[in-house]
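Undergrad: Each chain, letter by letter, is given below.
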Amino acid sequence: MARNPLNKGQAIVILGLILLLMIFITIIPLLLTVGLNPVYSKQSTLSYSQLLSQKNLQLLEIEEGNPEITVSTQGDAVYLNFNYFGQITPITIDHILYYSNGQWKPAYPSNITVSGDTTLSLYVPPGYQGFIDIVTDLGNSLYLPVSTAGGLTTCANIYNVSSGEVSLGTKQLPVGTIIITPQPNQLPNLVHGIDATLPKGTIIIEKTGRKLNYRLDRN
Amino acid sequence: MLVVIALALGIALFAITETILVPEYSFAAALQDSKTIASVTSVTVGPPIQSGNNLVYLAYIYSPEYKGNFSVVIFCVPQTQLQSLALLTPSIQGNPTVFLIGQSDTPAKQTTLNNVYDLNSRQLTGTITGFAVPANTPFQFAVAPPSGDAVVMWVIYTVGSYNFRVAYTFEG
Numbered sequence: 001m002a003r004n005p006l007n008k009g010q011a012i013v014i015l016g017l018i019l020l021l022m023i024f025i026t027i028i029p030l031l032l033t034v035g036l037n038p039v040y041s042k043q044s045t046l047s048y049s050q051l052l053s054q055k056n057l058q059l060l061e062i063e064e065g066n067p068e069i070t071v072s073t074q075g076d077a078v079y080l081n082f083n084y085f086g087q088i089t090p091i092t093i094d095h096i097l098y099y100s101n102g103q104w105k106p107a108y109p110s111n112i113t114v115s116g117d118t119t120l121s122l123y124v125p126p127g128y129q130g131f132i133d134i135v136t137d138l139g140n141s142l143y144l145p146v147s148t149a150g151g152l153t154t155c156a157n158i159y160n161v162s163s164g165e166v167s168l169g170t171k172q173l174p175v176g177t178i179i180i181t182p183q184p185n186q187l188p189n190l191v192h193g194i195d196a197t198l199p200k201g202t203i204i205i206e207k208t209g210r211k212l213n214y215r216l217d218r219n
Numbered sequence: 001m002l003v004v005i006a007l008a009l010g011i012a013l014f015a016i017t018e019t020i021l022v023p024e025y026s027f028a029a030a031l032q033d034s035k036t037i038a039s040v041t042s043v044t045v046g047p048p049i050q051s052g053n054n055l056v057y058l059a060y061i062y063s064p065e066y067k068g069n070f071s072v073v074i075f076c077v078p079q080t081q082l083q084s085l086a087l088l089t090p091s092i093q094g095n096p097t098v099f100l101i102g103q104s105d106t107p108a109k110q111t112t113l114n115n116v117y118d119l120n121s122r123q124l125t126g127t128i129t130g131f132a133v134p135a136n137t138p139f140q141f142a143v144a145p146p147s148g149d150a151v152v153m154w155v156i157y158t159v160g161s162y163n164f165r166v167a168y169t170f171e172g
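One line per chain: the protein sequences are A and B, in this order.
Per my numbering, residue 1 is the first one in the first sequence, and the count goes up by one each step.
Per my numbering, residue 1 is the first one in the second sequence, and the count goes up by one each step.
Don't take every hint at face value.
As the list claims (entries may be wrong) - A partial selection of chain A residues facing chain B, derived with a Cβ cut-off under 8 Å:
1) Thr26
2) His95
3) Gln103
4) Gly139
5) Ser141
As the list claims (entries may be wrong) - Beta-carbon label-pair distances, calculated as ranges:
6) B:Thr169 <-> A:Thr73: 31 to 41 Å
7) B:Thr89 <-> A:Leu59: 25 to 35 Å
8) A:Thr119 <-> B:Gln110: 39 to 49 Å
9) B:Ala15 <-> A:Pro106: 49 to 59 Å
Hints are computed from structural coordinates only; laboratory data are not their basis.
Every residue, glycine too, gets a C-beta built ideally from N, C-alpha and C.
Please construct the entire structure, taking both the sequences and the accompanying hints into account.
TA: Shown next, in the form of structure tokens:
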């Protein structure tokens, strides 16, 4: 049988096609992997930075006492208290744990969202004295020994003059002056034309850091 | 003749793809996956509490949207070596025990990890033993470090047959 001249050279074409196919099979995934990876990493970095700032913000809020988290005891019972002083930022607690005999155990059966002043009764042995661990939904972990506060402990005996209306005798106390009373809560919180008697032992510090020369102990 | 050559070339290319390129791709893909996980994962280890000879630590791996398990490897190193923490590999394991915390404390399952890599695709170790712990769930580990030693914890993420160290921390 005579060879059809059209069949000549077909093998080379087939070889070329196979080679092309191989090249596509290997090169295209390579390009895709190399080309797409930076995009993925950028996306994850972006979402992470937002997540991280949210996480840090939550910790900052707790440190500022918003809410103030305290562990208190009443008799043998142990309570976890959340107290808000200013604007309410809800906080979700995923896990509350206590430590007993070499084991950390759950002190509260479920997760809880706190969005106001809250007191939780904890499932701990009576008279528990150790640590309470709180894990928030953003992964912040707080260790609180019983009868302590997390973050800010309020200093209720320090008063800040925030407007120029405070006067002491004939002297006007400028903004930024600090008044420290010997005991907490001895002055009204907000003074607007209220006459308050400074208790004995009160210290007044000017904005410059200088102690005011007033004979307060005369009182 | 040409057909035979074409076939031979095809087979050779296929072999190269299978032995070199496919593992490279899957390693690169696994590495990328681990980097994504690593960028959103953080580890918290609490203060140690003495319990007999052991120190008990409470730890927590935070990784939002990840529901699977991580493996943790816990080992002790002399505190003087902590400067090169990223390069330290387990030599003393200090017999760690890991417990998951729930209504009843259950020991974590031991896992065997072959060839752990870091996120720069550098191989850290050969075969080591780890413990499987779920993400976003507190767990505790007890370890008895020799005096003057710090406790190091690795968090290992497994993709397919590859193990990557996505986070590490130390305490003490």
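Undergrad: Going through the earlier hints one by one, which of them does the structure break, listed in rising order?
TA: none
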